[in-house]
Structures are given as structure tokens and as C-alpha cells.
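Visitor: Sequence:
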Amino acid sequence: MSVVDTASLTWILVATAMIWIMLPGIGLFYSGMTKRKSALSLLWISFMSLSVTSVQWFLFGYSLTFSVSGSRFVGNFANVAMINVLDGPALGSLEIPEIVFCIFELMFAATATTIVAGAVCERGRMWPTIVFVFVWCTLVYNVIAYWTWAPNGWACVLGVLDFAGGAPVHIAAGTSSLAYSLVIGKRLPITDVEQNRPHNINNIFLGTTLSWFGWFGFNGGSGLKISSRAALACVVTNLAACVGGFTWCMLDYLLLKPRFKFTLFGFCMGSMAGLVCITPASGFVGAPASFAIGFLGSACVYFGRKLKVLFKIDDPFDIFAQHGIGGFVGCILTGIFAQKYIPALDQVSIAGGWLDGNWIQLAYQLAIASAGFTWSFVITLICLLIMDRIPGLKLRTTEDGEMQGIDYDQFNEYTHDYIHFEREIYPMKSSSANSVVTIQTVDNQNSVQRSNNEVKLITIGSTSPVEDVW
1 MSVVDTASLT WILVATAMIW IMLPGIGLFY SGMTKRKSAL SLLWISFMSL SVTSVQWFLF
61 GYSLTFSVSG SRFVGNFANV AMINVLDGPA LGSLEIPEIV FCIFELMFAA TATTIVAGAV
121 CERGRMWPTI VFVFVWCTLV YNVIAYWTWA PNGWACVLGV LDFAGGAPVH IAAGTSSLAY
181 SLVIGKRLPI TDVEQNRPHN INNIFLGTTL SWFGWFGFNG GSGLKISSRA ALACVVTNLA
241 ACVGGFTWCM LDYLLLKPRF KFTLFGFCMG SMAGLVCITP ASGFVGAPAS FAIGFLGSAC
301 VYFGRKLKVL FKIDDPFDIF AQHGIGGFVG CILTGIFAQK YIPALDQVSI AGGWLDGNWI
361 QLAYQLAIAS AGFTWSFVIT LICLLIMDRI PGLKLRTTED GEMQGIDYDQ FNEYTHDYIH
421 FEREIYPMKS SSANSVVTIQ TVDNQNSVQR SNNEVKLITI GSTSPVEDVW
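Counting from 1, one number per residue, gives the positions in the sequence shown under UniProt numbering.
Simulated from the structure, these hints should not be mistaken for lab results.
On a predicted model such as this, the values are computed, not experimentally measured, just so you know.
There may be inaccurate statements among the hints.
Said to hold, decoys possible - DSSO-like cross-link-like pairs, simulated, lysine-lysine; straight-line CA separation at most 27 Å: (1) K308 / K261; (2) K257 / K306; (3) K394 / K225; (4) K261 / K225; (5) K257 / K308; (6) K186 / K257; (7) K312 / K225; (8) K186 / K312; (9) K186 / K340; (10) K308 / K394; (11) K312 / K257; (12) K306 / K186; (13) K394 / K186.
Model the full structure from these sequences, guided by the hints.
Guide: Structure, rendered in C-alpha cells:
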């Protein structure tokens with residue numbers, strides 16, 4: 001039995017609850033960015049990802065990630081079904097019991113799966129998404145997290161610095177979302193303006209707020225004790241987010257048309273970019289370095305979004321740019337700005353980064369970032385290509401379902417009642433004694449016309465007072 005420090009135990013439990021708040025926050029963030037007709041599906045995914053990941057973590061996920069007797073590559077089944085996981089000392093801390101460490105680390109896995117599941121936006125079926133989350137957590141997240149944090153993992157043995165999940169959470173989720181977007185294909189074309197317009201800025205703002213709040217637990221709790229280092233991690237987290245948001249707003253102000261206009265959406269995206277980039281460095285850098293990380297990370301993510309246009313991949317929420325590129329940049333900058341006096345506050349010894357003259361650290365950081373990127377993309381691509389060919393696990397919904405919206409196609413419930421309101425105004429039009437034609441508006445320019453068993457897309461004019469409802 002470990003000698004429990006009550007203050008540290010309390011802080012880690014609070015940090016766990018704070019990270020839990022991030023999950024519906026991500027759901028709100030994504031649902032605000034999508035169209036109304038698919039908004040509910042993104043909220044549902046955030047909770048379903050947590051549920052599936054929790055079951056996987058209980059069965060064998062924790063054991064694969066943190067078993068102390070594993071190989072250099074992955075853990076074993078020594079703690080399957082959480083056997084012997086209770087009041088023993090936690091991995092990396094003698095001051096909290098292992099069961100607390102277990103639930104704390106579950107939140108990291110759930111965050112990663114929630115992020116990557118956003119790639120199904122507006123065209124993905126839900127059952128395959130559930131299966132994918134379970135498989136992805138096993139083959140991608142558990143493996144990369146083991147490399148990074150388990151004492152026998154090759155990256156940990158090498159000396160890689162990743163305080164709170166730059167590679168296991170952000171690089172893995174961001175890169176996998178790119179593979180998912182590539183396999184599932186583009187959304188049905190409407191127009192670029194219509195395709196990329198968020199439907200609810202309020203949801204995006206609230207989602208950013210909850211995520212920002214949760215990130216204090218994400219980074220502040222990763223030292224597994226209450227200390228001045230934990231406080232510093234919260235300070236640099238907040239500063240990087242603020243600088244990231246300011247940087248993105250200035251870039252929008254100067255470059256986005258119409259010129260010289262601020263955007264709330266831009267601040268939300270920039271602050272999230274700053275939070276992602278500071279994640280691997282938060283327990284190793286001081287406030288001046290976090291300023292640079294927030295600025296460089298936000299700028300790299302801002303311009304990195306152009307890659308999806310270059311490669312013609314429909315990444316609806318810029319998940320690859322935000323998390324893949326942001327996590328990669330954060331890992332590299334950790335190798336530059338890490339200083340050994342900061343982890344020494346928790347009696348942890350490291351060689352530091354470039355600022356301390358440890359030039360090889362940048363190579364170590366590049367190794368884990370590149371390995372995480374490659375493993376995530378390749379394994380995700382293989383899994384999705386196999387799943388898409390299994391009966392019942394086809395990734396994409398039908399064209400009719402996509403036009404009606406995932407909320408109607410997969411749930412038959414909605415986040416807004418405007419849809420029912422419009423159907424009450426325009427319920428149906430009789431075309432003959434024996435047939436009925438039903439018109440359902442799907443966006444500003446298109447409708448789904450139903451006649452008996454036939455469904456087709458038609459173009460309409462601006463005739464409805466609620467034409468922008470979707």
C-alpha cells in the first residue's frame with residue numbers, strides 16, 4: 001500500500017473531473033461547427049466515445065498502456081480487468097494510489113478517441129464509429145501511450161519528454177482523423193461557403209470554454225502531485241492559449257476577407273491551437289517559453305490548414321491541423337525550450353532541451369513525433385479499409401441519409417426544433433390522387449423530393465422564410 005498524500009490525491013481527482021468536462025466541450029465545439037442537421041450526432045459521439053473507451057480501458061486498455069512488465073513496444077495483460085489495480089503505488093508517483101492514476105489516465109484516452117471520432121462529421125454511420133473507437137484505442141492510443149509513458153516503452157527509455165500527451169493524444173488523434181477523412185471521402189458538394197460555415201458560434205464558444213477549463217486538469221494534473229510545478233503548468237497552459245487566440249485573431253484580421261474584421265471563431269481556434277501545442281511542454285517550460293509556443297503553434301496550425309486543400313481532403317473541423325500539426329510542433333518545441341530546473345521542483349531529473357545545451361533532445365522529440373504520426377496514419381488506414389468491406393460496418397451513410405442529415409438518418413431527433421417547424425409549414429404537396437410528393441429542405445439551395453419510393457435532390461429558390469434553418 002502506498003503512502004497517500006491527501007492533497008495530491010484530492011488534486012488528481014479534481015483534475016480528472018476537469019478533464020471529463022472537456023469531453024462534452026469537444027462535442028459542443030464540433031456540433032457548433034457542423035450543420036444543424038448533423039449537430040446532435042457530434043454531441044452523441046462525445047459521450048459514446050467516453051463510454052466505449054471506458055469499457056476498453058477496464059477490459060485491457062489500462063494493462064496494455066501501463067503494465068510494468070511489458071516489452072519495449074506494448075504492454076501485456078497483467079492487469080486485465082483491472083486486476084491488482086487498487087491501493088498500490090501509482091506509476092510515476094508514490095503519493096497517490098494506482099486506482100486514482102488509472103481513472104486519471106482514462107480521461108486522456110477518452111479525449112483522444114473523442115477528437116478522432118469527429119472525422120465522421122455529416123457523412124459517417126454511428127455503428128462503425130463505435131467499433132472504430134474500440135479498435136483505434138487498442139491498436140493506436142494504447143500503443144503510443146505505452147511508448148511514451150510506460151517505464152519499459154522505447155520512447156520513455158530513450159528520454160523523450162511529453163508531459164501530457166502531445167504524441168499519444170494529439171498527434172495520434174489528428175493524424176488518424178486525416179486517414180478517416182481520406183477513406184470516408186468528401187461530403188456531398190454544396191458550395192465552399194456553405195460547407196465550411198459553422199451553424200452555431202455559441203456552441204463553439206461554450207465548447208472552447210469547457211475545453212480550456214479542462215486543460216488545466218490535463219496539464220496541471222500530469223505531474224501527479226500538488227506542487228509549484230503543477231501551478232506553473234497551469235500558468236503556461238493559460239498563457240499559451242491566450243497568445244494562441246490573439247495570434248489567430250491578428251492573422252484573421254490582416255489576411256481574411258473581408259479585411260480588418262475580428263472573429264470569435266478565430267479566437268476559439270487559436271486558443272485551442274495554443275492549448276494543443278503547450279500540452280507536451282507544460283511540465284518542462286517556463287512562462288517566456290509558453291509565450292513563444294503559443295505564438296508559433298497558433299501560426300503553424302493557421303497555415304497548416306491549407307494542407308487539406310492541397311491534398312483535396314475534406315477534414316471538416318481541421319482536426320489534422322489543430323491536433324496533428326499542433327501536437328507535432330509542440331513536441332519539437334519541447335525539445336528546444338525544456339529546462340531541467342522545472343521538473344526538479346518535483347524531484348524529477350531530466351537533461352533539459354536546447355536551452356540547457358542538451359542538443360540531442362530535439363532528435364528524441366522528432367523520433368516520437370514521427371513514429372506517432374506514422375503509426376497512427378498507417379494503422380488507422382488499414383483498420384478503416386478493412387472495416388469498410390465488412391457487411392454492416394460500411395463507414396459512410398447513404399446519399400439520401402447525408403442529404404437529410406445524420407441526426408434524422410441515424411437518430412430521428414435533433415438539437416433544434418426548427419426542422420419540425422419547417423415541416424409543419426411545408427408538410428407535403430399533393431401531385432395526384434395516388435402519389436404524394438414531400439419536400440424537405442436540406443440547405444439554402446437544395447431539397448430532397450420524395451415521391452412514393454423515389455428520392456432525388458432538387459434545386460430550389462429562396463422561397464421559405466426559414467430557408468436557412470439547416
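Visitor: Each hint needs a verdict: does it hold in this structure or not?
Guide: Here is how each hint holds up against the structure:
| no. | hint | in the structure |
| --- | --- | --- |
| 1 | K308 / K261 | holds (25 Å) |
| 2 | K257 / K306 | holds (16 Å) |
| 3 | K394 / K225 | violated (45 Å) |
| 4 | K261 / K225 | violated (44 Å) |
| 5 | K257 / K308 | holds (20 Å) |
| 6 | K186 / K257 | holds (25 Å) |
| 7 | K312 / K225 | violated (45 Å) |
| 8 | K186 / K312 | holds (9 Å) |
| 9 | K186 / K340 | violated (46 Å) |
| 10 | K308 / K394 | holds (24 Å) |
| 11 | K312 / K257 | holds (22 Å) |
| 12 | K306 / K186 | holds (16 Å) |
| 13 | K394 / K186 | holds (15 Å) |
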